[in-house]
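Trainee: Residue-level listing of the chains:
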Amino acid sequence: MRLEKFRFLSAIALFAVVWLTVRFPIEVQTAVGHFFGENHIDPATLHLNGEFVENNLGSAQESDGSVTVRMIAQQYVFVPQCVLVPAGVPVHFRITSADVAHELTVTGSTDVLKALPGTVNTANFEFPSAGEFSMPCHEFCGSGHYAMRAKLVVVPREQFQRLQPDERISCEPR
Amino acid sequence: MKGSPVSRVSRRRYLMVAAVLNLPLALFATAYLARSASPPEIPSNVAWTETTLAAANGGDAFRGLLLARRCDHCHGAEGFSDDSSIPNLANIDRLTIWKQLEDYRTDKRASLVMRGIAMPLSAQNSADLAAYYSMLPNSSDPQDKRVFPQAPPNGIEAGLASRLVTLGDGQRGIPPCQSCHGPVGSVRGAPSLATQNGSYILSQLEGFASGLRTNDINMRMRSVALQLTEQERRALADYYGSGAGLLPGGAR
Chain A
1 MRLEKFRFLS AIALFAVVWL TVRFPIEVQT AVGHFFGENH IDPATLHLNG EFVENNLGSA
61 QESDGSVTVR MIAQQYVFVP QCVLVPAGVP VHFRITSADV AHELTVTGST DVLKALPGTV
121 NTANFEFPSA GEFSMPCHEF CGSGHYAMRA KLVVVPREQF QRLQPDERIS CEPR
Chain B
1001 MKGSPVSRVS RRRYLMVAAV LNLPLALFAT AYLARSASPP EIPSNVAWTE TTLAAANGGD
1061 AFRGLLLARR CDHCHGAEGF SDDSSIPNLA NIDRLTIWKQ LEDYRTDKRA SLVMRGIAMP
1121 LSAQNSADLA AYYSMLPNSS DPQDKRVFPQ APPNGIEAGL ASRLVTLGDG QRGIPPCQSC
1181 HGPVGSVRGA PSLATQNGSY ILSQLEGFAS GLRTNDINMR MRSVALQLTE QERRALADYY
1241 GSGAGLLPGG AR
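Line order of the protein sequences matches chains A and B. Going letter by letter, the first sequence gives residues 1 to 174 in the numbering used here. Going letter by letter, the second sequence gives residues 1001 to 1252 in the numbering used here.
Please note that a few of the clues may not be correct.
In silico lysine to any residue, SDA-like type, Cα no more than 20 Å apart, as pairs [stated by the list, open to error]:
id : chain 1 : residue 1 : chain 2 : residue 2
1  : A       : K151      : B       : L1228
2  : A       : K151      : B       : L1160
3  : A       : K114      : A       : F133
Only part of the chain B face toward chain A is listed, based on derived beta-carbon distances under 8 Å [to be verified]:
id : residue
4  : D1144
5  : I1174
6  : V1224
No lab work stands behind these hints, which were simulated from the structure alone. Please read these numbers as outputs of a predicted model, since none were measured by experiment. Just so it is clear, CB atoms sit at the ideal spot from N, CA and C, and this is done for glycine as well.
Kindly produce the complete structure, drawing on both the sequences and the hints.
Mentor: Given below as structure tokens:
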């Protein structure tokens, strides 16, 4: 009886030691990356400097033909609210949050991308066919969460105009 | 002639004049070539960092009371104006008033009248004014010359507005007004609209939609106002202007 108890407790202790040993470096790495890594960004000053200033949001064309989309998620809108990308081309999303955790999803696909305050999250998507898709927020972010939704417009590759290096495009009716 | 003192002097003068004339051009060309990307468009110099929040919240309401007497003429002695195109300031939160004054001061929000008034204010003056106005009650006062509760909208418009205020429109990505402007939720820099004048709300919604007003951080209001139709903007203005946003008992 006593031996059994000792075995049980030692098993728990062993598990804890192994778990902490395995987990500790990962946690440290995550924390260090969050605060000091290249993806660290101050959510309060997104509009003042850095890559998420107003005129740098939306789709940009890279020299290799791929497209980079920069977005801000905030209570309770994505900016830009309408994203324009070409079909059949790698689309590189860079997103951050100005306040709380959000998640960008694309209806009809499994593409998801978390938007967290303090970091820039990235993902590579590719949209095979042209069409209009809805991009709702999939992380409860507050009372307006249910209406937080952006639009994705995928146009055929030929229709997507060639952009200048510092030119940004979105389909907001402005 | 070559080597004579006169010609040497005139040549030197010629070189000096040429250098002076070409200097701006050279500077401009250097700046143009050094430019890697287009300069950032900054909607507002205000960012809600710890220091900014401390400055905006650190006002003295009594100093504000003295300073606010120059605002009486337009915004009313009790923070309710007698012209519905001028905003009511009673019970508007500190951060909003501080940020708008800062934006007027730094030309991020355009207004010929408010620019001249905000220019001489210091950041501390703005905080004092913000503290004062945020403490004014928004309850009714029949003796005041206010125009605040305006004529209520007709049935259809009221229904349209109340749906947008409470639910928004998810299909178009329009969040409910009340989740940022209260009473359900609040966001830094988003004022209460419960006792705001209708014409003022309408003009600001139109300003956000047309790009005349661009001082919302991260394009939040511009994104929303752009999606609203003309009818919806008017309905919302009438809704809030008639006091429909007030909770029973006058709370916001």
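Trainee: Run every hint past the structure and note whether it holds.
Mentor: Hint by hint, here is what the structure shows:
With a C-alpha separation of about 16 Å, the suggested pair K151(A) and L1228(B) falls inside the 20 Å cut-off, and the hint holds. The hinted pair formed by K151(A) and L1160(B) fails the criterion: a straight-line CA distance of about 23 Å is larger than 20 Å. Under the criterion of a C-alpha separation no larger than 20 Å, the hint pairing K114(A) with F133(A) is consistent with the structure, at around 18 Å. Hint status for D1144(B): violated, given a least beta-carbon distance of 33 Å to chain A, over 8 Å.
Because the beta carbon of I1174(B) sits about 6 Å from the nearest beta carbon in chain A, less than 8 Å, this interface hint is met. For V1224(B), the shortest C-beta to C-beta distance to chain A is roughly 6 Å, which falls under 8 Å, so the interface hint holds.
Violated hints, in rising order: 2 and 4; the structure is consistent with all others.
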